[in-house]
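**Student:** The residues making up each chain are set out below.
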Amino acid sequence: MAVTCPVDFDTVRLRDEIRSIYSRVAAAPEGEFHFHRGAAYAETFLGYDPGALARLPASAVESFAGVGNPLRIETLPAGATVVDVGCGAGMDLLLAARAVGPRGRAIGIDMTDGMLRKAEAGAAAAGLANVVLRQGDALELPLESASADFVVSNGVLNLASDKRRAFSEVLRVLRPGGRFLYADIAVASELPESIRRDIDLWSG
Amino acid sequence: MWLLGDVGFEDVEIRERFDPFLRTSKERVARKYGVVGVNVRGRRPRT
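Taken in sequence, the protein lines are chains A and B.
Just so we're aligned, residue 10 is where the first sequence starts under this note's numbering, counting upward by one.
Just so we're aligned, residue 407 is where the second sequence starts under this note's numbering, counting upward by one.
Bear in mind the hints are in silico, worked out from the structure with no lab data behind them.
In this text the structure is predicted, and so the values were computed from the model without any measurement.
Where is the CB? At the ideal position from N, CA and C, for every residue including glycine.
Careful, some of the hints might be misleading.
[Stated by the list, open to error] As a list, the in silico EDC-like pairs of lysine to aspartate or glutamate whose alpha-carbon atoms are at most 16 angstroms apart:
hint : chain 1 : residue 1 : chain 2 : residue 2
1    : B       : Lys438    : B       : Glu422
2    : B       : Lys432    : A       : Glu41
3    : B       : Lys438    : A       : Glu41
[Unchecked claim] For each label pair, taking beta carbons as the anchor points, the in silico distance ranges come out as:
hint : chain 1 : residue 1 : chain 2 : residue 2 : range
4    : B       : Ser431    : A       : Gly88     : 41 to 51 angstroms
5    : A       : Gly110    : B       : Gly440    : 34 to 44 angstroms
6    : B       : Thr430    : A       : Arg81     : 19 to 29 angstroms
7    : B       : Ile420    : A       : Pro59     : 35 to 45 angstroms
8    : A       : Arg174    : B       : Arg423    : 37 to 47 angstroms
9    : A       : Ala138    : B       : Arg429    : 32 to 42 angstroms
10   : B       : Asp412    : A       : Arg64     : 33 to 43 angstroms
11   : B       : Arg434    : A       : Glu129    : 17 to 27 angstroms
12   : A       : Ala138    : B       : Asp412    : 33 to 43 angstroms
13   : B       : Thr430    : A       : Glu202    : 38 to 48 angstroms
14   : B       : Ser431    : A       : Glu153    : 39 to 49 angstroms
15   : A       : Ser32     : B       : Glu416    : 28 to 38 angstroms
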C-alpha cells in the first residue's frame with residue numbers, strides 16, 4: 010500500500026468516495042461491491058468463529074468488510090479498554106466488547122453515519138452496555154492520549170490518505186505498553202503511480 | 407510494516423496472512439502486485 014497519496018491527489022474526493030461506498034455497505038450490504046462482505050466471507054476467508062458470529066445481531070455482521078482477523082492475534086483480557094478504529098457496523102467491536110466484559114470498554118470510531126447507527130443498534134440488540142461510539146477520522150482520533158489498552162482495526166487504515174499520521178494517532182491513544190492488533194492489506198512491492206492515482210483502488 | 411516501526415511501535419510482527427481478494431474483481435490486480443490481507447501486532451513502548 011502507498012504510505013501517502015500522490016501530492017496532487019484529491020484527498021477530499023477520496024474521503025467522500027470512501028464515505029459514500031461504506032454508507033451503501035451499511036444501508037444495502039446485499040448490493041454489488043467489488044469486495045466480499047458478511048458472515049460467510051468472515052468465516053471462510055478470515056477464520057472467524059461461526060458460533061461467535063451467530064451470537065451477534067445480523068445487522069452487525071452483514072456489513073462486515075474487513076481483510077483480516079485482528080482479534081485472533083491476541084485474546085483481549087477482561088476489564089481492558091479497546092478502541093476499534095473504523096468500526097463499521099460493529100462486528101469486531103461487539104466481539105471485543107464481549108471479550109473485555111462489563112468491567113471493560115469497547116470504543117468504536119467511524120466516520121460513516123450509517124455504520125455508526127448500525128453499530129449502536131447492534132450493541133443495544135446484543136445487550137452490550139460497555140460499547141461507546143464516536144464519529145471520527147483515523148487521522149484525528151477523538152480520544153485522549155494514552156487512554157486505550159488495545160487498538161484494533163480491520164481493513165481501514167489502508168484507506169487513509171496519510172498512513173504515517175494514522176499510525177501516529179494509534180500510538181498516541183495507546184497507553185505505554187498498549188497493543189495494536191491490526192489487520193490490513195499489504196503489498197509485496199511499491200505500487201506504480203497509475204495504481205496510486207486510481208481512486209477506485211484507494212477507496213475499496 | 408516498516409512504517410509502524412518508523413512511527414515508534416515495538417515488536418512489530420506479521421502474524422497471519424489472508425486472501426481477501428480471491429474471487430473478486432480486484433483479484434487480478436492483487437495477484438499482480440502481491441496484495442494480501444495480514445494480521446499485524448505492535449506495541450507502544452513502555453517508556
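**Student:** Which of the listed hints are not met by the structure?
**Tutor:** Those not satisfied are hints 1, 3, 7, 8, 11 and 13.
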